[in-house]
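Based on the sequences and whatever the hints tell you, model everything.
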Amino acid sequence: MCLLLFFFSLLLTRALAQSTVRNAKTPGTGLRLSGAADNYLTLLNSEALEAGKTFTLEAWVKADDWKNTHFASTLFCTEDPETNHGFVVRAGGNRPNAYPTLALSTSEREIKVRGPQTMTAGRWYHIAAVVNHQQVSLYVDGQLAGQRTIASAYIPSGKQIRVGGAYYDNRGLTGLIDDVRIWNRSRTAAEILRDRGITLKGNEAGLVAWFPFDGTGSEVLKNKAKSAITAEYAGSGEPATGPGFTLATQDAGVGQIEGPDVFTARRGPGRIQVLVSNHGQTTLTQIPLAYAVNDQVVLRDTLTRTLAPGESFLHKTTVPVNCAPKAVSQLTVYTTLPGDGLAANDTARALYRATDSGKGRQTVVVFDSILHNYDRYGNPANTQYHTRQVVLPQDNARFSHIYMYVTLTCPAGGCGAEDAIGRISLVKHGKWNEIGRFITPYGVACGPWTIDVTDFKSELTGNCMLQSYIEAWWLKGWNLSVALEFIEGEANPLPYQKVTPLWQYDYFVYGDPTYCQQLTPFTYQASTKARQLTFRQTITGHGQGNTDNGAEFSPKTHQLVLKQQGAADSLAFKHILWKTDCAQNPCSGQKGSFTYSRAGWCPGQDVRPWTATIPIRQAGKQGSISPTTPVTVAYRLQPYLNLKNKGYDDNRHIEPSYAIYGYLIEKSDSLAGFLTYHNVTCESVKLLNGQLQVTVSNTGTEPVTNLTIYSYADGVRTGLDTRQMVLKPNSRQTLVLAQKFSGKQPRAIAVVVNAPHDDNGNDDVATLLNAATVERTN
-12 MCLLLFFFSL
-2 LLTRALAQST
8 VRNAKTPGTG
18 LRLSGAADNY
28 LTLLNSEALE
38 AGKTFTLEAW
48 VKADDWKNTH
58 FASTLFCTED
68 PETNHGFVVR
78 AGGNRPNAYP
88 TLALSTSERE
98 IKVRGPQTMT
108 AGRWYHIAAV
118 VNHQQVSLYV
128 DGQLAGQRTI
138 ASAYIPSGKQ
148 IRVGGAYYDN
158 RGLTGLIDDV
168 RIWNRSRTAA
178 EILRDRGITL
188 KGNEAGLVAW
198 FPFDGTGSEV
208 LKNKAKSAIT
218 AEYAGSGEPA
228 TGPGFTLATQ
238 DAGVGQIEGP
248 DVFTARRGPG
258 RIQVLVSNHG
268 QTTLTQIPLA
278 YAVNDQVVLR
288 DTLTRTLAPG
298 ESFLHKTTVP
308 VNCAPKAVSQ
318 LTVYTTLPGD
328 GLAANDTARA
338 LYRATDSGKG
348 RQTVVVFDSI
358 LHNYDRYGNP
368 ANTQYHTRQV
378 VLPQDNARFS
388 HIYMYVTLTC
398 PAGGCGAEDA
408 IGRISLVKHG
418 KWNEIGRFIT
428 PYGVACGPWT
438 IDVTDFKSEL
448 TGNCMLQSYI
458 EAWWLKGWNL
468 SVALEFIEGE
478 ANPLPYQKVT
488 PLWQYDYFVY
498 GDPTYCQQLT
508 PFTYQASTKA
518 RQLTFRQTIT
528 GHGQGNTDNG
538 AEFSPKTHQL
548 VLKQQGAADS
558 LAFKHILWKT
568 DCAQNPCSGQ
578 KGSFTYSRAG
588 WCPGQDVRPW
598 TATIPIRQAG
608 KQGSISPTTP
618 VTVAYRLQPY
628 LNLKNKGYDD
638 NRHIEPSYAI
648 YGYLIEKSDS
658 LAGFLTYHNV
668 TCESVKLLNG
678 QLQVTVSNTG
688 TEPVTNLTIY
698 SYADGVRTGL
708 DTRQMVLKPN
718 SRQTLVLAQK
728 FSGKQPRAIA
738 VVVNAPHDDN
748 GNDDVATLLN
758 AATVERTN
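Per my numbering, the very first residue in the sequence shown carries number -12; after that it's consecutive.
Source of the hints: derived by calculation from the structure; they are not laboratory data. Do not take every clue at face value.
[As the list claims (entries may be wrong)] In silico BS3-like links for lysine-lysine, alpha-carbon gap of 30 Å or less:
hint, residue 1, residue 2
1, Lys485, Lys561
2, Lys550, Lys561
3, Lys543, Lys516
4, Lys715, Lys673
5, Lys727, Lys673
6, Lys209, Lys188
7, Lys49, Lys99
What follows is the structure, given as structure tokens:
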């Protein structure tokens, strides 16, 4: 039974339209493509665009069906099948949902930027890909979906841009594409968000192609930008069209749920925190919201903040709600905006499934026996990728360790027969971080494996999207289970962390002089408050039938080298990439060559990252890194030349490559000066002589002013106090509230403290039960 379910309903008012997007696009037509190998557009005279290595591609797309392979459903392409040079923007992946990808060729082979697997068929999406010298970005509906810094030069293919099709067969788009725009400059995030729904003039700076696909006959394919680029249609008959996109006049969207986190929700009432956005053409001043726990509406309120078109706001309820009354509970948040033009983005959900094993150990289930495999015929139930969103604590400093447990079991048809790479990635703020890697066994079940992911605790906060992947290219596969365990109460001398990605390569070709043979060094400067610097790298070698049987069966010695700017000497760490204990693998009963030594991995095991602890220089100490001077970080691969570079040859020869993900993790004993954190904690509430006393503290790094305190008795709001005050960091204050209780005391009292710019809404609530017991819900 719910501890406190607060039911009240605010009068829902109509959203007011006060301003409109300039030049809003009127309904027109879009170009319909069949997905056939011979149905696409070629943009003649477009090959020069790549030469500048700075460009932006935009389009609205509505797929009839996303292809079940990650390399299909192409939107833009210059990728050359012979050289692999050029770029491709696509949105294939796993039915029924797809994830957008921007892939491009560099001197370090192909680089990919991926977005989350959230795109469904039958709905319009705006896709934008930006290449800006050494940074590539991917946007979906004006929001950053993926971004990556590349350290090597982009290699153009010299081919003309294809729209809706590729230079490979059977990789085309099935559906509608509209309002194609190509720019010879990198557009900013603000420009993409602002202009995605407007009608252009055709003379905008940097615009070299604009195809709205409106009109009839030859007008459909007319480039309305002022350039020499023209469209050539490939397909039978005249170009087919269908209803084009139009941005809704009013469209409120509910995005990710940031709170309460999965552990706070288990302990009692908390504040619901949800991202609300204006996706329409008009300004919204009142957006009604409803909240349901296990399909029962428990609260309604209204966001009264003015949201301009394209603007988002993290809304926090002032009424605490018990979001996890059962062992497995689901929170649903949705908008009931009258006249809302798009229902598809009106709802967000969070699943609360966690256990408390005692002694400061809490576990959240991420994946529970989810099938990973591949079906060349496109069965939507068979996929290599899966994603899950979990709401984790926003303040992880109290946890000394975070462990990830990974287990593989066999589906009804049996396990996959071969070893394959598997990984768990964290997708957040447009960044993809691999936090754990494993290799599947030959035909059997394995696990659980324990992977220490404490190094990523600064990122494992709030709403997190976790993606699983197993590179299984056969119908048989594995059922994957993943759980995260958070441990507190143990010694934790360096509780504050931040992580910096260095190298992120799924496929770094090794031994081929055609490509760069060394990872590009990074320049890095640690915080003056950092007390320890840790290098963490997960690297595995793959490929066989090459010189020295590289890279899978070839031992190599690499080096991590750090050189301080202006220093004569460098700090070096030797890394022997060779795992010799595969025969002792506890995952027994495997078939194949699982006992052979390999470059950093064994079949049927998790891949342990290689780490190096880099001391931060103290006064007068040598052999360490000074936080006041930049340092060059290099991971030097042992020189190697493969004399059998001939590509993929029926499993007898696979070119040598490394999968490399490297990070630097800074650790500190001080929050101030290391991170910026705004937070007020509601520590306790007491009822003395009929009045409420609330103790609040500033657990952040910045002063806090102007607190608003809401109090509730048995589910009914009884008080609203506003305090004009300054609460300094690391200080607390006890406040006596104005309202008084006389006669029969309430059975349950709840207090919510609200502060401007508070980064953590999970510790804003304190409750008092039976006027005697104080409970914290954070």
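For each hint, the structure was consulted:
1. Lys485 <-> Lys561: 25 Å, holds
2. Lys550 <-> Lys561: Satisfied, since the Cα-Cα distance of roughly 15 Å is no more than 30 Å.
3. Lys543 <-> Lys516: Violated. Lys543 to Lys516 sits at ~36 Å, over the 30 Å cutoff.
4. Lys715 <-> Lys673: Given that 30 Å is the threshold and the Cα spacing comes to 23 Å, the pair holds.
5. Lys727 <-> Lys673: 12 Å, holds
6. Lys209 <-> Lys188: Given that 30 Å is the threshold and the Cα spacing comes to 14 Å, the pair holds.
7. Lys49 <-> Lys99: Judged against 30 Å, a Cα distance of about 23 Å means the pair holds.
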